[in-house]
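Participant: Numbering-wise, the sequence shown is residues 1 to 364 according to this note's numbering.
Don't take each hint at face value.
[To be verified] Under the rule of at most 25 Å between Cα atoms (straight-line distance), these lysine-lysine pairs were calculated in the DSS-like manner:
1) K50 to K154
2) K154 to K179
3) K229 to K50
4) K147 to K42
5) K42 to K154
6) K179 to K229
7) K50 to K147
8) K186 to K154
9) K179 to K147
10) K147 to K229
11) K186 to K229
12) K147 to K186
13) K179 to K42
14) K179 to K50
15) K229 to K42
[Stated by the list, open to error] DEER-style ranges, computed between Cβ atoms:
16) T307 to E250: 50 to 56 Å
17) D342 to E318: 25 to 31 Å
18) R61 to A235: 44 to 50 Å
19) S214 to D312: 36 to 42 Å
20) Q317 to D138: 49 to 55 Å
21) N211 to P328: 27 to 33 Å
22) L238 to R120: 39 to 45 Å
23) E95 to R53: 21 to 27 Å
24) E54 to P299: 19 to 25 Å
25) E3 to R61: 26 to 32 Å
26) R330 to S258: 30 to 36 Å
27) P328 to T18: 16 to 22 Å
Hints were generated in silico from the structure; no laboratory data involved. Quick caveat, the model's predicted, so the values are computed rather than measured. Cβ atoms here follow ideal geometry from the backbone N, Cα and C, with glycine treated the same way.
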Amino acid sequence: MVEVVSEYIAQHPDQFRTAYHELRPLGALELEVRLDWRCNAKCKFCGVWKYSREGMLPVERWREVFTELRAAGLAHVLFTGGEPMLYPHFLDLIEHVDGLGVTTAIITNGSLLVEDRVTRLAALSGLRQITVSLDSPDPAVHDEVRKLRGLFAKAMRGMALLRERAPGVRLVVNTVVSKSTADTVKDLLSLPVLPDHLRVFPVGLDIDWLNSLSGIEDNDWGSWADEAKTEQLPAESLAAVRGHLRQLAERARELGVSLEVERLRHDGPFNGDCVVPMGHFVVQPNGDVYPCCHVQDEPNRFGSLATTSVADLLGGQEYQDMLRRLRPARLPSCGRCSRYRDFNEKAAGLVMVGMPGRAGNRDE
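Work out the full structure: start from the sequences and follow the hints.
Facilitator: Following this line, the structure appears as structure tokens:
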């Protein structure tokens, strides 16, 4: 999700270089917004549904934030969560963003794509994409991994409704490949409703973090962490999955479905400059702002929209310091990043010498 940023850089290379050296945001922004940590699924490999809901922004503040962001160049919002449709005012809020002339996209588990909701979503002029998370074409496997009985069937009904009511909205399926689902990857395009695009990536587990939770009884974190570790994809399974993906790619070409294979393509760590947060960042339910979906820890939080205006956030020292820390990107999660690797390597070709934050080569 850096299409808007990529297009801006391609069309405004001089402005991009200037913003890079001056440590400020681009003139076009696309955000990933987590409205709510709640989720009606209890996925083996994801603990988001266990996070605290204290301090969540009220809908009135969200409306103010989006209006301020529009003035700063907001062009696109991806709504995610948790399950974003569990946020009580989700439809009102996405309609507000749509009214600002901002395009939108949604990631959902598909369980709440019922008729009335799909009808309102279909009426949005700027809704570009809905992504449904489906980890296996086998209903029993999918429902077991996601810990919600009947989820597969509900998601299929929702996807069928989207095809009927909103044919112009791009339908995407996200598949997380884990130990439980690895054997079913090759059959992903046997789904009753085919997507326009299929995105496949291996389960991402922070084993050190999971180990640190072992034995913690509060909110049952320890038991969840122990189960999550069982979904780690072994090296031998990864090799088999790559073979399955070759079969899947052939089938995708036959059916006219585009295929994206994330974090299964690059070898070796990424250690270049990351310019993603110049135009894309993540806002959590309480208004805290982080560089991207991979970097959401307290040391790298660079502000809160609960207490700070958008103008002050993007013009502040914390934002500039965060950009410096990613030149080059040395955070552990950055080294494992494949999602933005191609984008960053392409953007690097436009950056002139004298990069801020580099020892012996400072132009600040």
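Participant: Could you run down the list of hints and mark each one as holding or not?
Facilitator: Results for each hint:
Straight-line distance between C-alpha atoms of K50 and K154 comes to about 23 Å, which keeps the hinted pair within the 25 Å bound. Restraint check for K154 and K179: the C-alpha separation of about 24 Å stays at or below 25 Å, so the hint holds. Distance check on the hinted pair: K229 and K50 sit about 16 Å apart at the alpha-carbon level, within 25 Å; holds. In summary, the hint linking K147 to K42 is supported, as the alpha carbons are separated by about 5 Å, within the 25 Å threshold.
At most 25 Å may separate the alpha-carbon atoms for a hinted pair to count; K42 and K154 meet this at roughly 16 Å. A C-alpha spacing of about 10 Å is found between K179 and K229, which places the hinted pair at or below 25 Å, so the restraint holds. Note on K50 and K147: the hinted pairing holds, with a Cα-Cα distance of about 14 Å set against a maximum of 25 Å. Proposed proximity of K186 and K154 is supported: the alpha carbons are some 22 Å apart, at most 25 Å.
The straight-line distance between the Cα atoms of K179 and K147 is roughly 15 Å, inside the 25 Å bound, and the hint therefore holds. A distance of roughly 16 Å separates the Cα atoms of K147 and K229; the hinted pair therefore holds under the 25 Å criterion. Restraint check: the Cα-Cα separation between K186 and K229 comes to about 24 Å, which is no more than 25 Å; the hinted pair holds. For the given pair, K147 sits about 22 Å from K186 by alpha-carbon distance, which is consistent with the 25 Å threshold.
For a cut-off of 25 Å, the pair hint linking K179 to K42 stands: about 17 Å separates their Cα positions. Between K179 and K50 the alpha-carbon distance is near 22 Å, which keeps this suggested pair within the 25 Å criterion. Between the alpha carbons of K229 and K42 the distance comes to roughly 15 Å, so the proposed pair stays at or under 25 Å and holds. At about 53 Å, the CB distance of T307 to E250 agrees with the hint of 50 to 56 Å.
In this structure, D342 and E318 meet the distance hint of 25 to 31 Å, their C-beta atoms being roughly 28 Å apart. Between R61 and A235, the C-beta spacing of about 46 Å keeps the proposed range 44 to 50 Å intact. Distance hint check: the CB atoms of S214 and D312 are about 41 Å apart, consistent with the given range 36 to 42 Å. The hinted window of 49 to 55 Å between Q317 and D138 holds, with their beta carbons roughly 51 Å apart.
For N211 paired with P328, a C-beta distance near 28 Å keeps the hint of 27 to 33 Å intact. As the Cβ distance of L238 to R120 is approximately 41 Å, the hint placing it in 39 to 45 Å holds. The hinted range of 21 to 27 Å is satisfied by E95 and R53, whose Cβ atoms lie roughly 23 Å apart. For E54 and P299, the hinted distance range of 19 to 25 Å is satisfied, since their beta carbons lie about 21 Å from each other.
Take E3 and R61: their Cβ atoms lie about 27 Å apart, and the range 26 to 32 Å holds. A hinted range of 30 to 36 Å holds for the C-beta pair R330 and S258, which are about 33 Å apart. Evaluation of the 16 to 22 Å hint for P328 and T18 yields a pass: the beta carbon distance comes to about 20 Å.
Violated hints: none; the structure is consistent with every hint.
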